[in-house]
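J.: Could you slot chain B onto chain A? The hints should help.
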Amino acid sequence: MVNINCPIAKNLMPLHLDGNLYPDDEAALRMHLQSCPQCAEEIRLYQDAFDGLRGAKNELQSIAWPDISRRVIAGLPDSEPVEPARPRAVFRLRFAFQTAACLMIGALIGFIAFPKLTAPVPENAVDDVDISNVRTNFPELGMRINPLNQPLKEHFQSPGVMVTNVDENSPAAYAGIKQWDVITEINNCPIEKPDQLQAIFNDYHKAHKNLKFVIIHKDGKKDIYTIKLDKKD
Amino acid sequence: MTDIATDDYALVKRAMQGSKESFELLVKKHQNRICQTAYSFLHDYDASLDAAQETFMKAYKALDRFNPEFNFLTWLSRICVNHCLDMLRRARTAKTVCTENMDLSPDTSAAPENVIDKKETSSRIMEIVQSMPANYRTVLILKDLQDLSFGEISEMLDINNSTLRWRLHMARKLFKNLWTQKEVVYGKH
Chain A
243 MVNINCPIAK NLMPLHLDGN LYPDDEAALR MHLQSCPQCA EEIRLYQDAF
293 DGLRGAKNEL QSIAWPDISR RVIAGLPDSE PVEPARPRAV FRLRFAFQTA
343 ACLMIGALIG FIAFPKLTAP VPENAVDDVD ISNVRTNFPE LGMRINPLNQ
393 PLKEHFQSPG VMVTNVDENS PAAYAGIKQW DVITEINNCP IEKPDQLQAI
443 FNDYHKAHKN LKFVIIHKDG KKDIYTIKLD KKD
Chain B
985 MTDIATDDYA LVKRAMQGSK ESFELLVKKH QNRICQTAYS FLHDYDASLD
1035 AAQETFMKAY KALDRFNPEF NFLTWLSRIC VNHCLDMLRR ARTAKTVCTE
1085 NMDLSPDTSA APENVIDKKE TSSRIMEIVQ SMPANYRTVL ILKDLQDLSF
1135 GEISEMLDIN NSTLRWRLHM ARKLFKNLWT QKEVVYGKH
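From first to last, the protein sequence lines are chains A and B. Residue numbering for the first sequence follows our numbering, starting at 243 and increasing by one per position. Residue numbering for the second sequence follows our numbering, starting at 985 and increasing by one per position.
Since the hints were made in silico from the structure, they are not lab data. Just so it is clear, the structure is predicted and the values come from calculations on it, not from any experiment. Where hints are given, some of them may not hold.
Said to hold, decoys possible - Once the Cα atoms are required to be at most 27 angstroms apart in a straight line, the calculated BS3-like pairs of lysine-lysine come out as:
hint, chain 1, residue 1, chain 2, residue 2
1, B, K997, B, K1042
2, B, K1004, A, K299
3, A, K252, B, K1157
4, A, K395, A, K454
5, A, K460, A, K395
6, A, K299, B, K1045
7, B, K1042, B, K1004
8, A, K448, A, K460
9, A, K299, B, K997
Isolated chain B (complex conformation):
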């Protein structure tokens, strides 16, 4: 883990000196995780790719603010999470201002045909996750879908460990309630 981190930092330093090749290596190394993180928030393939690209571009511009004490991937994920939450917030505001049918939300494009094509369960889970409050959604995604450690998440979200554990507990409880509710609704149909 430390090897990877120091390796990352060497690449970051070279990228800061203007080496785009070094930055390209960083992108190649972390793009899958960042795309996954974006997808778990946005639930839209194309939007996730855009968000990942945006994340890397933001990171490049802010390389001088990267603290070498932290893990580079954690730092990137933090940028990605903030960007995705921002996108969702903007989409929601736009949606309330505009008419309901306008296709502005990133996850509406994944709606009818994709849901039928892909496994219904995971779509349902994503729907439930999307409907949860942002605080709970973020910890649930990062812990249960991204499988990050408590240390990484608390560093990323800037909250202490016990707050994080409590929030995760509440998020799981809420998820379980919503999940069973959905099941009842689906069972009736």
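Extracted from the complex, chain A is given alone in its bound form:
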């Protein structure tokens, strides 16, 4: 026979009163109760509480209830029969229409408010800018740049310089810069003229630091590229 202590005995008590205890546990509990007066008192209290609950249950079941079916039926809405799928289908259809309408209105507003975003990039737009006395060739990086003219600034909604040529196998090409990309920032410094690029390039080349380019592509997408610079001899 297994000896059990008081906490275990206390946990077994409700199960014992429920009649759900295994015979072995039942026997162990009985033995413990014979030797422990506190637990015997505890189980008496449990028994008392259970008796009270049982009495309340019996009384609850003895209460007579009137027939409320008439009341319920009278209170029901005089509606159509309840169809399982219909209300949800209607809801889904309405939701779909609302979403479609919202999207169309959004697209319309977009077309009206930002027509320039959707317009194609004007070809040869860089030709009409005076680039005399400006260094635009950067063989160190393998790219040629040009300043942005006014229409292009408006198109990209940002100042910057345009990459007009990228050499094959050059640092710029490796970094992912492509022809007709617009450079707007280098190392958090906004670029408006090719000269600035030169100045920054020189500074960072001496310091052997990387150049971080913020680029706007032809399609208006923004990207960040990094070019690693070797130490200048």
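T.: Same frame as chain A, now just chain B:
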């Protein structure tokens, strides 16, 4: 049991097609159990009748959401339990907002004269049950006063069997403690 369940489902299907007579049969069949459940939560005869009526009306509107795999009475009881807990919660909030003496709680109407008229023990038990936390109160009522099976209760409350057994154990322990405490207080008077 399965016969009753399938029978219920046949009635539910007919009620969904618009037959109020079928629904009336369902009400007649289950009204006693639903009234009892409501009474064990609210401890007020009239409020329980109202709650039972409300339960059936809610069930009618939600018939399309009834899952035929479950027992119809279990589903109804779940609606009833939720409705009663909701009522008690609302009454308690209203009570804290308004003055203490306002008769908003459903069980205050059953207070002085009814307690003297009816058996004092059961009133005391109800008082203790009402004072318990909602989690414990619900399982204690459903198991010990409504005599539902563990399977039905766990399905109804959406908790697993071991959680339910543990919660019931704690609820009974708490009830026993409160019961003995009350007895001591009553014994002194």
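J.: Between the alpha carbons of K299(A) and K997(B), is the straight-line distance 27 angstroms or under?
T.: Between K299(A) and K997(B) the Cα gap is close to 33 angstroms, so the pair fails against 27 angstroms, i.e. violated.
J.: Regarding the pair K448(A) and K460(A), is the alpha-carbon distance no greater than 27 angstroms?
T.: Roughly 32 angstroms between the alpha carbons, so the hint for K448(A) and K460(A) is violated.
J.: Given the hinted pair K1004(B) and K299(A), is their alpha-carbon gap at most 27 angstroms?
T.: Given pair K1004(B), K299(A) is violated - Cα atoms ~33 angstroms apart, limit 27 angstroms.
J.: Please work out if K299(A) and K1045(B) have their alpha carbons no farther apart than 27 angstroms.
T.: violated (31 angstroms)
J.: Are the Cα atoms of K460(A) and K395(A) separated by 27 angstroms or less?
T.: holds (12 angstroms)
J.: Are the Cα positions of K252(A) and K1157(B) separated by 27 angstroms at most?
T.: holds (9 angstroms)
J.: Take a quick look at whether K997(B) and K1042(B) sit within 27 angstroms of each other, Cα to Cα.
T.: holds (16 angstroms)
J.: With a cut-off of 27 angstroms on the C-alpha distance, tell me whether K1042(B) and K1004(B) pass.
T.: Given pair K1042(B), K1004(B) holds - Cα atoms ~14 angstroms apart, limit 27 angstroms.
J.: Is K395(A) close enough to K454(A), meaning Cα to Cα at most 27 angstroms?
T.: holds (21 angstroms)
Figure legend: structure checked against the earlier numbered hints; hints not met, in rising order: 2, 6, 8 and 9.
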